[in-house]
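K.L.:
Using the hints provided, position chain X relative to the given structure of chain A.
Spelled out, the chains give:
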Amino acid sequence: MVDVTRTWMLEMENIIKEFPGIKALDGVSFKVEKGEIHALVGENGAGKSTLMKVLSGVYSHGSYSGSIKVDGKEQRFQNTSDAEKAGISIIYQELSLASNMSIAENIFMGDEPVKKILIDWDAMYSRANELLVRVGIQMDSNILVKNLGIGLQQMVEIAKALRTDNKILVLDEPTSALSKSEIDVLMNLLLALKQQGVTCIYISHKFDEIFRIADSVTILRDGKTIDTKSIDSLNEDLLINLMVGRDLNQRYPQRERVHGENILEIKNYSLFDYKEGKERLHNINLSLHKGEILGIAGLMGSGRTELVSSIFGAFYGKSEGQIIIDRKEVKINSPKDAMKQGIGLITEDRKNLGIFPVLSIRENMVIANLDNISGSIMVNDSEEYLLCDQYVENLNIKIGSTENKITSLSGGNQQKVIIGRWLMRKPKILILDEPTRGIDVGAKFEIYTIINELVANGVAVVMVSSELPEVMGMCDRILVMHDGTISGELMHEEATQEKIMSYAVGGRP
Amino acid sequence: MLWEEGLKMNRENTTGFFKNINLRSFIIIVALIAIWIILQFATDGTFLTSRNISLLFRQMTPIGIIAIGMVLVIVSGYIDLSVGSIVAVAGAIAAVMQTQMKIGTIPTIIALLITGVVVGIINGYLSTFQKIPPFIVTLATMLIFRGATLLITGGSTISGMNPSFKYIGDGYISPQISMIIATIGIITYVIFEITKRRNKTSKGMKVAASNWFAVKLIAICAICALLVATMNNYEGIPVPVIIMVAIMIIVSFISRNTRFGRRLYAMGGNAEAARLSGINVNKEGLKVFALLGLLSAVSGLILTARLNAATPAAGNQFEFDAISAAIIGGASFSGGQGTVFGAVIGALIMASLNNGMSILNIPSAAQFILKGLVLLIAVWFDMRGRSKGKN
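Those sequence lines, one after another, are chains A and X. In terms of this note's numbering, the first sequence is residues 1 to 509. In terms of this note's numbering, the second sequence is residues 510 to 900.
Bear in mind the hints are in silico, worked out from the structure with no lab data behind them. Some hints could be false.
Unchecked claim - Below, a list of computed lysine to any residue pairs in the SDA-like style, where the Cα atoms sit at most 20 Å apart:
id	chain 1	residue 1	chain 2	residue 2
1	X	Lys712	A	Leu386
2	X	Lys712	A	Glu329
3	A	Lys318	A	Glu329
To be verified - If you want a taste of the chain A side facing chain X, the calculated C-beta under 10 Å gives, among others:
id	residue
4	Ser334
5	Ala338
6	Gly354
7	Val358
8	Leu370
Think of the CB as a built atom: it goes at the ideal place given N, C-alpha and C, for glycine as much as any other residue.
Bound conformation, chain A alone (with noise of 0.2 Å):
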């Protein structure tokens, strides 16, 4: 009944959008009414980033089936500029203004008004001005960019989007980076702006922000709707069952649960990052065992990568506090330092930190363990191939030879290979970063049944990772981590997902 009078700015039908091995968006639907703020939620991959891309026209039409209609017109994006022109803007987590320009020049930048051919500045300015006022800033249009702080980089960001005719305006954890004040500043903005009739599409993970201005909401799992919702009709607790789903399948290699001796302690360690001026971690205490898979779990930019990432001496920054490693505080500076402690680190983002592309697959495994398979300068030829084939064979790495690029292989042997380069130096330690983040289902199992082998051996495994599920099903002992802080502990037994989740957000169960 109530349909009838609604019309509908975004109607996103049946999106089925597909990669080798993984359905990211399983016939997803997804309507947004004109002029409402829109929350969409969902843990860490369930496919709110794909539909994102697949509405701004990062996924060409044609690589994805379903239909969008924006304001009731049907679309077909071919590339971003056309998803821009009929009306939809995003704003990223990452900014992406030009920091040595000018507020004016960011907010025209491809599209500066003209006269004849020379830039019209006057123009320029005076409408961007006038764009600042409407997102409720009192600036000057030609300060540069790089002079404001992250908050206001946010508005003129907002106010670039508002420069052309725009119908949807779609903020993608757009919090994350702001303090509290500047979040209150943005949830007023946004506020003002549904008063001025612009359609929002607000995607957090705060529970909070998210009750505080959104209308409805949308909760995705798994690449599937799984309901959308008025806010009046949630609460914290409901939406947290939503977003996890009830159901944890067996997917999970069955091990014993055995505890050996203490052999990393970590005691009152916070960590400060110059670059961005802030802290990372916040007085983090924690300890980890021979033969233990230690989880943590956290939302995005809970300090999960940066604590594993300093662990290892990896992280640019400065570290307080006391790393004890077998009942011996060390100093860790450098991934080497970590390295001669027998801790080994798989990186979160394989593609930039983990694979060199030029190179072979055997040079890609050998390279952190050089100086084992050579005496004190020269490389031990034949050993090094032979022990790249025999760890090929024991992590079963499907290639045809060890000589061809990295790059030929899928995710998941890709993944193999970086562990191989890992087990190859006998770790005490392994630390693993989300470990099988972009791999098909039967490599994950694999992934799984190498990583209680090894602790199976006696190896302390730290096991970084968004899905909870893989967390509950893997580990021993769960941190999570929320806001630089451990936020909860939770026993392999006691382990839920809300449990989790109500401790990543911040909350208490």
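P.N.:
This is chain X only, laid out in the frame that chain A set:
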């Protein structure tokens, strides 16, 4: 997306594995042969006389030796523009020591090599530990070392080296000894390759088919024998050529079979991943700059010895020829790719063009234009091959 790319590459790779590995070196050798044939006709047969071949190889040595170091600097993801000025400053120091200070040949050589290493370390320290872009660092040191040369030489040519010093640049190994060296070299090479192959097969590793292995061995030995015979037909192997070949073998071995060498390829391929694999990127980078500094000084030694003089303008534009040689030889500016052998072939191509154009009396204006075009075409060809791989 990563996995989409991966799949595409997978498809391409199953058919194109041979292309990736062998086609590159094959193409530059074909290009070299083509250039030689063209020049042979253009010069009415002067180009491929044994006298000219001997001269050509002698001429290529200063650039060839620098290119050997340059390719590793490029492989590691850096660049060095100051090599020409290092050549000049090393030559100037040698000349002053020999003529004005009357110092013997051996101490002169040692001082010269130390100079090379020191200036290399300066370049390296600023480019790695101090994080100044190497392009800027070496652009500045190019000027600084050139200035130092002018200061040392007082702006004029210094000539009159010791005969033993001159021998390094213009001497010949007598044909008999050349023949012996060549024979030993070829036998050692054959034994080395065969043992390596046996070693691999005995451990159950895959090796190339035996007939291909034989063809490759015979071809390489035949080419070496032919070249030595040609040079012997004139006066024997020029001393600088022996030095260059020795350096080529040693550095090529270092690049492939030592930790240091392997790390360079990793750093150039992905510096951040290299750091996360426990590689001290700054330290290895410093070493590779020091190596290039050393080789540039050797180049300066040979040039000064051959000319029997140090000139303030020595080594001008060597950076262009050396970088071109490395790139023509298959190095990639994005790092991680390139071989020492390829760089030497690249240097030989550049030297052949220089030599041929001189015989033909082509005005230097046209020579510049032609060399520039050759570099452009080589890079264009490379990029085209690469983007094809992606689409």
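K.L.:
Each of the hints needs a verdict: does it hold here or not?
P.N.:
For each hint, the structure was consulted:
{"no.": "1", "hint": "X/Lys712 <-> A/Leu386", "verdict": "holds, 8 Å"}
{"no.": "2", "hint": "X/Lys712 <-> A/Glu329", "verdict": "violated, 43 Å"}
{"no.": "3", "hint": "A/Lys318 <-> A/Glu329", "verdict": "holds, 17 Å"}
{"no.": "4", "hint": "Ser334", "verdict": "holds, 7 Å"}
{"no.": "5", "hint": "Ala338", "verdict": "holds, 8 Å"}
{"no.": "6", "hint": "Gly354", "verdict": "holds, 6 Å"}
{"no.": "7", "hint": "Val358", "verdict": "holds, 4 Å"}
{"no.": "8", "hint": "Leu370", "verdict": "holds, 4 Å"}
Of the numbered hints stated above, the single one contradicted by the structure is hint 2.
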